[in-house]
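Work the whole structure out from these sequences, hints included.
Going by UniProt numbering, the sequence shown opens with residue 1, and the numbers climb by one from there.
Calculated directly from the structure, the hints in this document are not laboratory data. Incorrect hints may have been included.
Label-pair distances were calculated between CB atoms; the ranges are [what the hints assert, rightly or not]: (1) Ala244 with Val86: 16 to 26 Å; (2) Asp91 with Lys194: 22 to 32 Å; (3) Leu14 with Glu164: 29 to 39 Å.
No residue lacks a Cβ here, since even glycine has one placed at the ideal position from N, Cα and C.
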Amino acid sequence: MSTLLATRLKSKRLELGLSQKELAEGVCEQGQISRMEKGKYMPGSDLLYSLSKKMNVTMNYFFDDSVLGETSKLVQFKELVESFLVKREYDSLKYLYSLEIDKWHRLSLSDQNYLEWIGAIVSFHCDNKREEAIIKLEQMLVRLNKDELMYLRISNTLLDFFLEEKNNDEFEKCYQAIISKLQNIDFTHTIELKIYIKIRYNFCRYLWKSFQIEKGIEETLDVIEKCNEYSCSYLLADLYCILANISEDFF
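Now the structure itself:
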């Protein structure tokens with residue numbers, strides 16, 4: 001089987017922020033995607049055509065290294081967004097969002113969902129429309145497949161919002177709704193690992209702020225261990241800060 005097909009299929013899937021299950025949905029079995037990415041399965045022309053349509057590339061993209069694939073129209077936007085979110089630069093995020101919103105009708109469904117998610121973050125942090133932003137994200141969760149990575153992204157943002165609003169009951173409800181999904185994370189994929197760390201980081205913050213000291217220390221140490229296990233520095237400094245704060249309260 002073509003090594004180029006295996007390589008390009010996986011790289012394009014990750015670029016689009018899709019899990020194997022999301023890519024396979026409505027097209028084929030997840031196991032077929034896995035075997036293709038390992039170079040152990042050659043798809044038929046019908047399946048390859050369906051995958052190329054879903055990933056917005058030509059069929060030649062998988063076999064001809066001179067062919068460059070069309071990427072998500074929000075690739076550069078997403079890179080900047082991730083940077084602004086990490087730095088909590090919400091005013092910059094709002095400006096960036098205002099430049100992209102007019103392109104809505106030309107975007108794929110996954111890109112529309114991404115942009116809608118960012119719009120809710122802007123509404124919450126910049127426009128003081130906090131209740132409206134929370135309702136918007138809760139509505140998105142209803143229509144999204146619970147196995148999609150975007151479902152976890154949005155759930156994590158809701159955890160952020162509930163922490164800001166000091167709404168412990170809703171935080172607990174939201175966290176309990178997704179905790180089982182964390183068991184299915186593929187830690188070898190950076191995107192999924194970061195989402196996992198984000199969610200558990202927010203839970204550590206919640207435990208600290210709600211004075212659940214011993215549980216907070218245990219949970220934070222566990223997440224730090226996971227980061228070290230996969231050589232991931234994402235939010236590691238923040239986790240150590242939480243650990244220091246919780247430990248100070250403990251002693």
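Item to check | Hint numbers not upheld by this structure, sorted from lowest to highest | outcome: Going through the list in order, the structure violates no hint and respects every one.
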